[in-house]
Structures are given as C-alpha cells and as structure tokens.
Amino acid sequence: MSTTTVAHHDEHTDHPTGIMRWLTTTNHKDIGTMYLTFSLIMFLVGGSMILGIRAELFQPGLQLMNPDFFNQLIGVHALIMIFAALMPAATGFANWMIPLQIGAPDMALPRLNNWGFWLLPPSAILLTLPFTLALFGIGDGALATGWTFYPPLSIQGGIGVDFAIFAVHLLGISSVLGSINIIVTLFNMRAPGMTFMKMPMFAWGWLITAFLLIATIPVLAGAVTMLLTDRHFGTHFFDAAGGGDPIMFQHLFWFFGHPEVYILLLPVWGFIPQILQTFSRKPMYGYKAQVYSLIAIGAMSIIVWAHHFFTAGMPVPALLYFMYSTMAISLPLAVLFFCWIKTMWRGSMSFETPMLFTVGWIILFGIGGLTGLVLADVAADAQYHNSYFVVAHFHYTLFAGGIMGIMAGVYYWLPKMTGHMYNEKLGQLHFWLTAISFNLTFIPQFFLGLAGMPRRIPDYALQFAEFNMISSIAAFVLGLSQLIFVYNIISTVRGGKKATDQVWEGAEGLEWTLSSPPPYHSFSEQPTVK
Amino acid sequence: MLKQAMKKIGFGLFLLLTAPLALAEYRWNFPEPVTPMALDTLHVHNKFMLIVAVIFVVVLAIMIYSLIKHRKSVGHQAVADKAPSTATEIFWTLIPFVILLVIDFVIMGIPAYHSVVMMEDTRNESDMVLKVTGSQWRWQYEYMGNTDKGSQDGLVDAKGIKFVSNLSTPQNQVDGTVPPVDTPDSPYLLDVDNRLVLPVGAKVRILMTSTDVLHNWWVPQFGSSRLAVPGFIRETWVQVDKAGTYRGQCKELCGKGHGYMPVVVDALPKEEYAAWVALKKNEINEQAAGADKEWSKDELMEQGKVVYEKNCAVCHMASGAGLPPAFPALTGSKITTSPIFDADGKYLPDSHMDRVLNGVRVMPAWKALLNDTEIAAVITYERNALGNSVGDVVQPSQVKAARQ
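For the record, the sequence lines run as chains H and Z.
Numbered according to this note's numbering, the first sequence spans residues 1 to 530.
Numbered according to this note's numbering, the second sequence spans residues 1 to 404.
With a cut-off of at most 27 angstroms between alpha-carbon atoms, the simulated DSSO-like pairs for lysine-lysine come out as follows:
1) Z:Lys334 with Z:Lys400
2) Z:Lys82 with H:Lys530
3) Z:Lys305 with Z:Lys367
4) H:Lys425 with Z:Lys69
5) H:Lys198 with Z:Lys82
6) Z:Lys281 with Z:Lys131
7) Z:Lys162 with Z:Lys367
8) H:Lys342 with Z:Lys82
9) H:Lys288 with Z:Lys82
10) H:Lys425 with H:Lys498
11) Z:Lys72 with H:Lys342
12) Z:Lys293 with Z:Lys305
13) Z:Lys242 with Z:Lys131
14) Z:Lys400 with Z:Lys131
15) Z:Lys72 with H:Lys498
16) H:Lys342 with Z:Lys69
17) Z:Lys72 with H:Lys425
18) Z:Lys400 with Z:Lys346
19) Z:Lys162 with Z:Lys270
20) Z:Lys293 with Z:Lys310
21) H:Lys497 with Z:Lys72
22) Z:Lys280 with Z:Lys305
23) Z:Lys305 with Z:Lys400
24) Z:Lys162 with Z:Lys293
Since the hints were made in silico from the structure, they are not lab data.
Please work from the sequences and hints to get the whole structure.
Next up, the structure:
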C-alpha cells in the first residue's frame, strides 16, 4: 500500500470553536468523538442502574426499592446499554475509523451524520426523564416492562412506556441514518484499488451491520408504533379481545431483536481480527472465509427469531425449524473462531492491553456462544428460559462479547485518535479487574438459573442467597473498576507519551499511515491501494 | 429505623458466615427431576453441557498453547500462513464442518427432536385435564375432569374443584419491614395458601390462560414451562412420578408482583388424592350453602379482613392508602363510599360492586377469582374499615344476584 498524507495547514482554522464546533460539526472525527463520549457517559449511567439492582439483590428481602422501581431499573438499564452505550460506541468507531481505513476524506453524508448523532441525547433524556418526573409526582416512572415491551403489560404501563417508545423511535432513526451513511461511504469512497475483497474487516463488519439495521429497525419502529396506537388510539393489534394477539408483538420484536444481537457484535468481529494480526505480527488468517462467515451470520440472524420465546407455545414443526436453524449459526461462528485462533497461531505475540482484552474476549465470548448453542434446544430451553441462566448467557455475549470488545478497540485506537499513549499499567489492571470480576458476577448466575431462579424478580427465596451475594459483590468490583478505564481515557486525551504514526509495531492499514492524531481533514488527496 | 437497619445487616452477616456451609449442599445443576419430561430435559442438558465443555476445553487448550509458545517475549518469530492447495483447503474446511454438523444435528439434534415431540404431546394417554389461569399476581386452578382413560384407570374425578392460590408469606416480610422467615414447610416467597394437588403417576394435561398480562407457570422439577396468554389457551403437561411438595415461580415479568406469585404443588398418592378431592367437594357444598344464608356484619367483617389482606393489600395497601397514581386509595374514595344499589336493588355502574366484580384497567375482575361470600365480605369490609364507615352491609345473596 502506498499513501500520501496532507499537510496540517488547515487545522483548527475553518470551523467554529467552543460549543458551536460540536453542535454544527460535520467532521467525521468530531462526530466519532461525540458518539464515543456519549457512549461512555451512558455506559456509566446504565451501569449505575444495574448496581442499584445488584445492591437490592445483595440479600433476600426488600431493602432499597419497591418492586415497581426495580422493574423500571432493569428495563431502562437494558435499553441504555444496548441503544445508548454499545450501538453508539460501534458507530463512533465507524465514524472515526472507516474513512481512515478506506482512504476517504470524510463520510459520504456529513450533515446527515451530524443529525444522526444529535438525535441521541434527546432520546437518552426521553429514556431517563420519567424517573425525574416521578419525583415531582408526574406519572409513575419509567417503563417497568423490561426492555422487551411485551404487551399486555406494556399496555397497562404508565407514561414511561410512551417515553420509551419515542426514545426507541429516535434511536432507530439515528441508527438507520448512520447505516445509510456507512453503506454509501463504503460503496462510493473506497480508495482506488481497494476492491470489496481488500476492504478492512472492520468495514466489512459494519457493512453487514448497516444492512441488518436497515432491514430490522423499521420492524421495531412498526411494532412499538402499533403498541402506541393500542395504548392510546383504540387499536387491538395485541389484544385478543379485539382479534389481536399479544404473541404477535414478540414475533415482531424479536424479528428485530435477534439481528440486533449481531448488530452489536458484527462491528466487534470486524476489528478483533485487526487487533489480532497487529499483536500477532502476521496477517489475519482466512480473510475470505471470515467475510463469507460474517455475511452468512448476518443472513441467518434474520431467520431464527422465535427461539427467544419457545415457551410461548408454537406448533412442533415451527419449534424444530427455529431450533435447528439456531444451531446452524454455530457453523459460520466456528469458522470465525478458527480463523481468530489461527491468526494467533505461530505468530509473534505481545500482550499490550488491546491484545489482553481481545484474548479475554475470545474466551469469554466463546462461553457465551456455547451456552447459546445449548439454549437452542427447545426442551432444555423450557428450563433455561427467563431464568438467570439466560441472564448470564447474554451478558457473556453482550458484556464480554460486546463491551469488552469495544474496550479492546478503545485501547487499540486511542493512541491514534489522541496522539498520546494511554497508561499501559492502568490498562492492564483494568483488564484483569474487569475479566475476573465479570466472571465472578456471572458464573454464579448460571447456577442460579439452573437451580430455578427466574430473572426480573426483586426478591428471592433463601436458597438463592449465597450466589446472589457473590454476584453482587463482584458486580460492584466490576462497576468500580470501570472508573480506571474512564480515568485512563481522560488522562490520555489530556496528555501523555507521544504516540508514533504506526503506534503498534505490527499495525498495518491506511489509518496507521496518518499522523497521530490524524489531521482534522485527512486524505484530501486520495491514497491508492495496490 | 436504625434498629431495623441493624437487623438487616445482622442478617446479612449471618448469611455471609453460613455461606460456605450452605454452598456445600447447593444445587449445581437442575433440581431432582420428578416427571418424565424433567428427566429427559436433565439428560439432554447434561449431554449438551458435556459436549460444549469438551469443545471449550479443547479450543482453550490449543489457544493457551499458542499464547505460551508463540509470544514475542520468548523470541518466537511469526511464521506466515502459506496458502494451501485447493484440495487441502477443501479437506480442512470440510472436516470441522462435518464434525460440527454431526454434533449439531445428530448428537444434539436427534435427542432434542425426541424431547420436543414428547414435550408437545399433551393429549395422548392423558388422565385428567387441569386449567391454570394466571392473574396479577396469583394462580387459579380449575379441575376440568378426567379423560376416559383416567376414569378407566380408576382416578377419582375432581371436576368442579376450583380455587385461587396466593402467596402466603406475610406482607410485612414481603415489603421488607421484618427480615424473611424461612421454614422447610413454608420457604420464604415460595409458599401459598391453597396448593395445587395432583395425583402421583397420572398424566395431567394442563390448559394455560391468563386474565390480564403474560404469566409463565414453571416448576423446575417438572421441566415444563408455558406462557399464559390472555385470550388464548396454551397447553403443556406434567406427570409427577414421586409424591412430594414441589415449588416454582412465575417466569414472565408480569408487573410489580412478578416475584410474588409462586406455584406450589402437592403430589399425593392416588388414595390420599381421592381423600383430598372428597374434602374439597364437601367444602364447595358448604360454601354454596353459605352463600344463601343471611350473614351478620361481624361475620362479614371478619372474613372480609382475611380476603382483603390476601388479595387487595398488595396494591391498595393494608391501610387502604393505596399507591397513587397507579393504585388509588380506598380510604375515603368515591367508589367505596357512594351507594352500590339503585332503588330496584340492581348495582350501579362504576359502583363498588361493579368495580370488584368486573375490574377496570389494572384492577382484576374478581368475579372469576372469588366466591359470592368472599366478595360480599370484602366489599363490606372495605366500606366499614380502612378509615371508612359507610355502615351498609352486602350479603352473599346480593353478589349472587349481581353475577346474573
């Protein structure tokens, strides 16, 4: 690859400063930074909510909150973590890195990009405002239905449900706008010579994610709109008394909800191989196989949704179809695992923080994936479903597989973004604390689920006490160790050892040919890829 | 307040100290299965867990080997992967693919298929039918009678028995004012006033429905779990092969009382079951007689208090203060203090009787859940206690008439 970089002559001269810079910016790096900052803030907000939950579950009996508030916290925790922490983090990376990786000067649709971001803060406010309103005696708090909005409970619910519906609408619009932008950028703005099969893996992961978002977000928007009209305008989509069916909502919701899992994970599966090849000092193994697997997983994710509600009752052929199709996802996923491990195999590995997070990520996400394979079995699912086993399973996929992956990405690219090296010792401390306390939080939950503890209960029988106590203590360690992460990021942004352009010894790709930090406007002259 | 907090902390310390002891006998797997389905589920689960554990350990071992051997700090030089020949590539792609296919669809797929078919076969060979209705936040059980097979096998027919099963843990433990009390007979949050009673060895076809939101009837030792959907009938079945008491919980978030609607089942040998059925039928006859007699105000107030605390206090609070705005106060409210009947003795729309019988929004329609005497008693109680003193009395016969 050969590239040409541009001089810094225009830096900080052609845009407003102060708050107006951020409000009006159309620069992909600024917008990426805003996405990542927003995501970090919401990660802490969603995290403190769950610490409230774990504090309540520390021992049997109600100590801190009433059951209704408990239900509000679990639902808003999930919505915030999924829509306001994980998804914006992935979009933030996309904004920052996709133009740099494909040699484009910016995203294809910069103004739309700006709008896509600025829809997020209002939706975060919509999600959390009902808590504040309740303090002033308006309404009865946020939605208390869990993040899944299942009717008829969500039809019974208070104004919190309406707030959440509109928040989901805004978040959905934001995601679709972001996706359109990424697709247009990737289709039109790749550097000359960069064919699709030479595109960086992160770009591939995001390309498939973007298509999934465009395919499924409108279904979610439709479903919650039907809920809204059921609540306020006398329709009966989900009410048997008027010819509707509550289970139809579950079909619509999970038609979005299952691809959503992969929407959260595909961008991570994109940059994980890049981190692996950097720190193994050899090119990633099976590029084509990985690309085809990503496409296969994306396609299959749309046709397996009903495994989320096997116990709702379905005809036997439907149960069998959803069971076998779910199991089939293990095939392309196994190819990915094989390629990741083969990339490390006979490499020359070093274990800086991004690599630590990546290796930990592979192991923990593996546990999440394998327990998912077991969950696909309909008969055993009758036991696992809605028990703590499922809670543990999806935290292995979404916390380990999602958030720890994002953290690997943060440590990997932070020196490039800020021009400073982060504190390696603190980074490693953060990794070990996170990995250990994460396991101590969620391994007990597997056993709680097997022993028969249902999820979403504010209080429990005494037979579940010990494991809940372990889980709660570990959850607080997990939560507090994220403060190290925040401190490390802030101090890296403010200063530190200068990072080189390549940052990592084994880093390859267009983004590493630019200076650290890259100029405000990069690639004004197009690089070419051989 | 401080004393309470001290008690709670003391209780927590007690748990912490006894934790290792309790963990020794902790369940690390599904609880002991007592139905054919739970047994099957346990086998499938154990087998699958073993398979995934083996996969995990093998892959992890390979990875750890690589992590130790192929690191820069021990001087390992990266060896580039050579592009393999097409034949080798196809071979190495097919091998893992086939292994996984076999694991997924043969080793795991075939037993899973049989389990599914068994789980969904609710009708063949069934002995009796039971209807389970979920309501916020209690279960209602109705015995629909024997099948032909059940009658031929000499199973006593329980048709007509119908009752509501409420959490029996005292309210002051549930709301956290006193620490939980746990006994083997009545575990905290896992005991009810009226247990479901099933005959050992009989295949019971269960029809599930709900009166309000989604619920899920789940007893871990039975291996069956099915959603209760309002307006629809879903089916499952159990055949309890071992006498004993089995406990479970609602498994679908159903509002603020979700954690407080346990399922408790007594599985009795056939003779004991027959005795229970006789007792229960006798009770029903007595209640029917009770509905026709004239009750005194004191009698009604006494029973009304019991009914209120069991069914109504969850939302309207023991004091009648409610939890506004979701759950209005009964003390001094329009409904509990305005007249019930018009001049012809018919109950008025939006009157106390209308609200209790038919419900509105979150308020359940109690006519399906309580008998005439209980409804008469609880209305009388609400009008003459909880800070109200209207002074009138509602007789069970009036409730009976109002149901028409």
